[in-house]
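Asks: What follows is each chain in one-letter form.
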Amino acid sequence: MNTNYLYLIIFAILIGETDIEVNLSSIISSTTYVTVLLGIAATKAILIAMYYQHLKYEPRSLSVWIILGIVIASLLMSLSFVQLSYHSFHYGSS
Amino acid sequence: MAERLVATAKRWLYTTNHKDIGILYIITSLFFFVAAGLLALTMRSQLSVPNNTVLNDEIFNQFVTVHGLLMIFWVLSPFAFGFANYIIPLQIGARDLAFPRLNAMSYWFYLFSGVMIILSFFFGAAPDLGWTFYSPQTSFEFAPTIGLNLGAGALILIVVSITMSSVNFLVTMFKMRAPGLKLSRMSLFPWSILITIFMMLYAFPSFLAAVLLLYVDRAFGTFYFSSIQGGSLLWDNVFWFFGHPEVYIVLFPALGIIGDVIPTFARRPLYGSKYVIGALVAAAVISFIVWGHHMFLTGYGVITDKLYTVTTVAVSLPFDVIVISLIETLAMAKLRLKAAALFTLGAVALFIIGGITGVYLASVALDYALRGTYFVVAHFHYIMVGGSIMGLIGGLYYWFPKITGRMYNESMARIHFVFSFIGFNILYFPMFLLLDMPRRIATYTPDTGWGLLNFSATVGGFIFGGAQLLLFYNLYRSLRSGPPSGPNPWNGWTLEWALPSPPPAHDFDTIPTFSDDGTIHFGSSIGLPNGSSHGDGITKPDSSSIGHGYSALHAEGLSPWPILMAFAAFIFFLGLTIGKPANPQPVSYQPFWPLIADGVILGLISLLGYSRERFTVHEDSHVESWPFRQVPNMKLGIWTFLGAEVIFFGVLIGAYFFVRTAAPTWPTPGTVFEIRNGFAMTLVLLTSSLTAIMALASGRAGNRNGLIVSLAGTLALGVAFLYIKAGEWFTLGSGGVFNSYPLPATSYFITTGTHGVHVFAGMCMAVYLLANAIKGKYVNGDHVTLEHFGLYWHFVDIVWVFLFPLFYLI
Chain A
27 MNTNYLYLII FAILIGETDI EVNLSSIISS TTYVTVLLGI AATKAILIAM YYQHLKYEPR
87 SLSVWIILGI VIASLLMSLS FVQLSYHSFH YGSS
Chain B
6 MAERLVATAK RWLYTTNHKD IGILYIITSL FFFVAAGLLA LTMRSQLSVP NNTVLNDEIF
66 NQFVTVHGLL MIFWVLSPFA FGFANYIIPL QIGARDLAFP RLNAMSYWFY LFSGVMIILS
126 FFFGAAPDLG WTFYSPQTSF EFAPTIGLNL GAGALILIVV SITMSSVNFL VTMFKMRAPG
186 LKLSRMSLFP WSILITIFMM LYAFPSFLAA VLLLYVDRAF GTFYFSSIQG GSLLWDNVFW
246 FFGHPEVYIV LFPALGIIGD VIPTFARRPL YGSKYVIGAL VAAAVISFIV WGHHMFLTGY
306 GVITDKLYTV TTVAVSLPFD VIVISLIETL AMAKLRLKAA ALFTLGAVAL FIIGGITGVY
366 LASVALDYAL RGTYFVVAHF HYIMVGGSIM GLIGGLYYWF PKITGRMYNE SMARIHFVFS
426 FIGFNILYFP MFLLLDMPRR IATYTPDTGW GLLNFSATVG GFIFGGAQLL LFYNLYRSLR
486 SGPPSGPNPW NGWTLEWALP SPPPAHDFDT IPTFSDDGTI HFGSSIGLPN GSSHGDGITK
546 PDSSSIGHGY SALHAEGLSP WPILMAFAAF IFFLGLTIGK PANPQPVSYQ PFWPLIADGV
606 ILGLISLLGY SRERFTVHED SHVESWPFRQ VPNMKLGIWT FLGAEVIFFG VLIGAYFFVR
666 TAAPTWPTPG TVFEIRNGFA MTLVLLTSSL TAIMALASGR AGNRNGLIVS LAGTLALGVA
726 FLYIKAGEWF TLGSGGVFNS YPLPATSYFI TTGTHGVHVF AGMCMAVYLL ANAIKGKYVN
786 GDHVTLEHFG LYWHFVDIVW VFLFPLFYLI
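Residue numbers (the working numbering), protein chains in the order written: chain A, 27 to 120; chain B, 6 to 815.
Please keep in mind that the hints were generated in silico from the structure rather than gathered at the bench. Glycine included, every Cβ here is placed at the ideal spot set by N, Cα and C. Please note that a few of the clues may not be correct.
[To be verified] The calculated label-pair distances, taken between Cβ atoms and stated as ranges, are:
1) H623(B) / T57(A): 53 to 61 Å
2) A38(A) / R617(B): 48 to 56 Å
3) R86(A) / V286(B): 15 to 23 Å
4) T57(A) / V39(B): 35 to 43 Å
5) H623(B) / T58(A): 37 to 45 Å
6) I39(A) / R681(B): 40 to 48 Å
7) H623(B) / Y31(A): 55 to 63 Å
8) S52(A) / R665(B): 18 to 26 Å
9) D441(B) / L101(A): 30 to 38 Å
10) Y31(A) / S237(B): 47 to 55 Å
Construct the entire structure; sequences and hints are all you get.
Replies: Next up, the structure:
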């Protein structure tokens, strides 16, 4: 496939996903809303990284390198939340 | 005479050579070592007897804080990275670091950041709340002076320096090793630096995000750390996520030096070296999941307490492997007790004491009792001064002959060791016994019974401090009149000892090759240093002209832009910081605009000069570059930088989640931040990603018009994004959003503001690319710059992809 067409298809998917994000609140319940939104954002990020940043065509070591960074950032956030859940009594709600 | 003076000044101010920069790092870090040491001795004088009045409470607190900051950020790591700069390229067979000008910029950012922290004494007061900057003590209510702002600004600058340095070393060590030098064949020092860089790359962006939040809170009156939903708990998490790995960041290079020095003087290879490297890797990984043990007192529950107790005990185990390996290396060895060996052996002994006393603090019960006492002070000084500084001084004696070409006075160096070791223990061991004395108190009463132990510590402090005068005198005298050292005075095995002392500017005439049996082969051609021009007059350096033949070659590889860019950043932050807060709640801030404007103008000029300068870097082919063999140096550098950016934005987003989860209420979507604005900005930015990738496609295809239109489109969409963003900011700001929704506004303005700065930086790049594209560049197979720009621009887009739902849709 001509790469320019590929870029346009990716662009169309990204716009479509953004449209879904905006209109999603009226379709699904609020409890799963955040998870679904973050999931869609993650797929958009992966598409941009894979095709616009060409990560799909780079050596696997580079992808591992980037994923490592994301794992560590996620680790920090998730462990902080573990702690926060124990501190909820300080704030009255969480 | 004047001409020679100018040439010398130019060499040191404009140099990009890794050896010069290494020397600059070592000298500057020793200067800060003296400064921090003088602060410490003044504090010890104050504490020598009860009810002393040498320092009042305020000055004492400032001295404690700046002493800690200087030692941790401006002495320990920079001292180690002075050696890393000088030695690592020599040990791995590289001509220089991958990005020489970036390396120079790292140094100048480091220097100016240090100047800024010292300047804080002259602007009201220096930071005075301990190096940990615990919240809410950092709020204007408790710390109303500008000094803390300057401290935070200095920390931002030094983290920028460290990030640039990390990227540079990582690319160098992965991509520029001599043929045959597999990672598994590297000695312990380069391994320790490689692992340290990994930790820096993941820990420091977290710290940068934390300090940025603090800086904005203080400079612009936002509410991350002054709110109960963020406050102390948020700071504790983001700070200690960085803070605990930082202990290993300052320790590992010293362990690496010890692992190179002891085998040299024991005449035996390091016992179980692969296990030692494995232990360092294990300790580095575990160090990222132990930060909670600094927060036992915050009361986060039994399960989390247990988790962190287990990980804290676990992180001590790899160090057991390292110590056992060193002991096995020494067993039955005919050790030559030169000063370098003495200092490294002393460092191991002191590190063992510091390490064991650290394990006590993994126990929640003991931590409750010992937290904030002098026991903890003794513990971490045994690690950081005993293990790290003593090891680094061992490295200084070890490599001094290589760097200067001259031998130091061995007898004086041994006396230096004896007084240092005895003084150290008289200074710090009594602190283990001061179990009930709180740290950071300016004085105490006689009935506490702390007088004798404190007096002893003060005597030890002066012995230890006085001993360092011997070091400086010895090195100064030896530099001027020490006997020539020859290339390999210690019969060392690593590659740097195969070169003349000091080595030539370009390091190697030809890149050496490592055989499977460990032998090193050299060619015989003439090497070229990096630089802007290469005349015909380059000759092989004369190794007999110690210390002088070297400088003659240094007309090459000079660039004025690194120092100018660092200076621009320095005055920009100074201008942002030294304005006075007019109204404390919320702070109405008055920056000093002339300095800010100067910083911006100088920054833009130097950025332009930097990008237009013809500066060639010689990349040798056929080098060892696993695991990134097919990735060019620049691309790996950019991806590594983006990896650090992932952590940085991850922490900013984490801070948003943190306060949002803790907040009792949050505005519903659409009530404060208009969904249509967010949607419009998302469309604009996604479209700009399409035009950016089309620019690359046009460049590849040689389509000049397509390239210009695509780049102009990217730029226009960037402008449109910032225009919508600015409109939104203005509307929200003038509508009093900080009064109505302080915490949502804080997280929104800081996170989207930081993202906006990234968009603006991308637009500056786009302007530069567009100007070049109009001149006809990038369509003749030279489109790689477009690809690099795209990597950055798409990353900025990805960040927004997450910010849009977080701030506008939930």
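Asks: If a hint holds in the structure, say so; if it does not, say that too.
Replies: Each hint, compared with the structure:
1. Hint check: H623(B) to T57(A), Cβ distance near 59 Å, so the stated range 53 to 61 Å holds.
2. Separated by about 39 Å at the C-beta atoms, A38(A) and R617(B) break the suggested range of 48 to 56 Å.
3. Under the hint 15 to 23 Å, the C-beta atoms of R86(A) and V286(B), about 20 Å apart, fit the expected range.
4. T57(A) and V39(B) have their C-beta atoms about 60 Å apart, which leaves the hinted 35 to 43 Å range violated.
5. Distance hint check: the CB atoms of H623(B) and T58(A) are about 56 Å apart, inconsistent with the given range 37 to 45 Å.
6. Between I39(A) and R681(B), the C-beta spacing of about 22 Å breaks the proposed range 40 to 48 Å.
7. About 40 Å separates the C-beta atoms of H623(B) and Y31(A), a value inconsistent with the hinted range of 55 to 63 Å.
8. Look at S52(A) against R665(B): about 22 Å separates their beta carbons, and that is inside 18 to 26 Å.
9. For the hinted restraint 30 to 38 Å between D441(B) and L101(A), the CB-CB distance of approximately 37 Å keeps it satisfied.
10. At about 54 Å, the CB distance of Y31(A) to S237(B) agrees with the hint of 47 to 55 Å.
Consistency with the previously given hints fails for numbers 2, 4, 5, 6, 7, ordered from lowest to highest.
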